[in-house]
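**Student:** Residue numbers (our numbering), protein chains in the order written: chain A, 3 to 258; chain B, 3 to 258.
No lab work stands behind these hints: they were computed from the structure. Every residue gets a Cβ at the ideal spot worked out from N, C-alpha and C, and that includes glycine.
Just the calculated beta-carbon pair ranges, DEER-fashion: (1) A:Arg109 x B:Thr75: 30 to 38 Å; (2) B:Gly21 x A:Gly33: 50 to 58 Å; (3) A:Gly29 x B:Arg105: 55 to 63 Å; (4) B:Ile91 x A:Glu198: 49 to 57 Å; (5) B:Val215 x A:Gly131: 47 to 55 Å; (6) A:Glu198 x B:Val194: 50 to 58 Å; (7) B:Asp94 x A:Glu45: 25 to 33 Å; (8) B:Asp209 x A:Lys133: 53 to 61 Å; (9) A:Gly29 x B:Gly25: 56 to 64 Å; (10) A:Gly33 x B:Arg93: 47 to 55 Å.
Under 7 Å between C-beta atoms, here's a sample of chain A residues computed to sit facing chain B: (11) Val55; (12) Leu63; (13) Val66.
Here is what each chain is made of, one letter per residue.
Number of protein chains: 2
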Amino acid sequence: MSDLSKLAPTELRQLCRTGTHTGPTAGLAPGILQANLVILPREVAYDFLVFCVRNRKSCPLIEVLDSGSFAPTSCPGADLRSDLPGYRIYRDGKLSEEVTDIREYWRPDLVSFLIGCSFSFEAALMEQGIKLQHVERGCNVPMYRTNIPCAGAGRMQGRMVVSMRPLKPADIARAVEICERFPNAHGAPVHVGSPEHIGIADIMQPDYGDAPVIADGEVPVFWACGVTPQAVVLASKLAFCITHAPGKMLVTDLRA
Amino acid sequence: MSDLSKLAPTELRQLCRTGTHTGPTAGLAPGILQANLVILPREVAYDFLVFCVRNRKSCPLIEVLDSGSFAPTSCPGADLRSDLPGYRIYRDGKLSEEVTDIREYWRPDLVSFLIGCSFSFEAALMEQGIKLQHVERGCNVPMYRTNIPCAGAGRMQGRMVVSMRPLKPADIARAVEICERFPNAHGAPVHVGSPEHIGIADIMQPDYGDAPVIADGEVPVFWACGVTPQAVVLASKLAFCITHAPGKMLVTDLRA
Chain A
3 MSDLSKLAPT ELRQLCRTGT HTGPTAGLAP GILQANLVIL PREVAYDFLV FCVRNRKSCP
63 LIEVLDSGSF APTSCPGADL RSDLPGYRIY RDGKLSEEVT DIREYWRPDL VSFLIGCSFS
123 FEAALMEQGI KLQHVERGCN VPMYRTNIPC AGAGRMQGRM VVSMRPLKPA DIARAVEICE
183 RFPNAHGAPV HVGSPEHIGI ADIMQPDYGD APVIADGEVP VFWACGVTPQ AVVLASKLAF
243 CITHAPGKML VTDLRA
Chain B
3 MSDLSKLAPT ELRQLCRTGT HTGPTAGLAP GILQANLVIL PREVAYDFLV FCVRNRKSCP
63 LIEVLDSGSF APTSCPGADL RSDLPGYRIY RDGKLSEEVT DIREYWRPDL VSFLIGCSFS
123 FEAALMEQGI KLQHVERGCN VPMYRTNIPC AGAGRMQGRM VVSMRPLKPA DIARAVEICE
183 RFPNAHGAPV HVGSPEHIGI ADIMQPDYGD APVIADGEVP VFWACGVTPQ AVVLASKLAF
243 CITHAPGKML VTDLRA
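All chains, please: the whole structure from these sequences, using the hints.
**Tutor:** As structure tokens, this is what we get:
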């Protein structure tokens with residue numbers, strides 16, 4: 003991993019393309035924007051696009067590709083069918099396969115959406131001396147289903163999924179200031195403290211990711227999470243859908 | 003007009019609805035966001051929405067309504083079919099009628115797009131002591147077709163239209179700083195000086211709006227303009243399209 007973290011985005015994508023790197027992308031290409039990937043048939047792409055526009059904090063759109071295209075303009079030379087470390091294929095709203103290449107699944111009616119991810123603001127928080135327990139422990143960030151309604155769009159309806167990072171009271175305002183400079187990476191938190199107010203019954207039992215460690219006096223701070231669009235897509239029980247595998251993002255050429 | 007400028011957005015929209023106010027909205031409801039309106043059949047709405055996502059400076063999306071809906075969530079109680087002072091109906095890419103009410107034109111397949119407009123940042127510039135010649139002279143801002151390509155989306159292809167405001171060299175950097183705080187109103191300028199570099203042959207002959215007055219030493223500063231989506235829609239020669247009439251915006255309930 004220490005060698006991987008020094009590679010340029012094009013080199014990392016090449017290692018994914020050849021099947022050499024099939025692991026997570028957290029910590030790779032520091033300072034570079036990483037993106038969630040959602041691929042849908044054209045017939046449902048309009049509803050999904052409207053959903054993203056109406057829920058920008060959960061779904062900050064980096065790029066929408068033309069139908070059938072797998073070459074994002076934000077990463078010249080990249081191939082979305084092979085340049086991520088892993089993909090999940092969903093059929094009728096259920097996980098069907100997890101693969102490292104989707105060339106054999108490709109269809110001319112597929113529309114690819116690149117959506118910002120929290121790695122960008124996490125790096126900025128740590129640079130400013132704000133410690134993130136899940137990173138220090140090498141764990142996934144804890145994520146929770148909430149009762150916060152998303153603005154629906156056609157077939158796409160659902161509630162927000164949030165990620166949680168415990169912060170010291172003295173760091174919270176500064177963390178908000180830092181994160182609001184990253185509108186392409188979910189922006190400022192959506193909720194501070196009181197998990198029960200957003201429908202989280204037990205903060206120690208996340209719905210996705212790993213259980214947190216919250217030190218005495220730390221406050222749970224919640225951000226809109228890129229799992230939201232995935233959860234909404236799955237809940238809508240589409241016949242076919244492809245996403246990146248958890249933690250295995252597209253490393254773009256853009257600065258975070 | 004002096005009385006109108008003191009009215010709340012709901013009162014202004016009511017005056018439009020009853021046909022009492024059919025004039026421009028410049029200067030009305032200070033501090034409130036005004037919006038461009040584009041209404042398209044559902045079959046072309048996807049291409050237009052992707053175009054907006056790919057060209058955010060020209061087309062800052064405030065809201066996309068559901069097909070057939072004329073009740074924006076950003077202005078509860080408003081009716082997009084009657085609450086603007088004027089509308090233009092286009093057929094096959096040509097202006098067909100200019101009307102003050104579109105209820106008789108409404109169809110269940112129409113999708114309405116609200117797009118930010120420059121009135122928001124102009125008010126902020128003037129509050130900061132930056133004079134705008136077209137406002138002081140009671141004229142429309144000059145607008146120009148450029149050679150700056152927009153990122154195309156399906157049937158929606160074209161070049162950027164810009165608005166121009168002459169500024170003193172000492173004010174330019176400050177104007178950029180102020181405007182970049184208004185991403186919903188075209189944000190920071192796209193070009194400073196050298197109109198010929200963006201394909202403008204004669205700065206004194208705008209393609210839309212009124213001819214400018216540029217004082218000695220002032221520099222022409224160019225912003226992405228909300229006429230861009232209208233120009234692109236017209237160039238694509240859609241069978242049917244409705245927009246607001248020039249200068250006759252939707253006064254929303256949102257702060258600028």
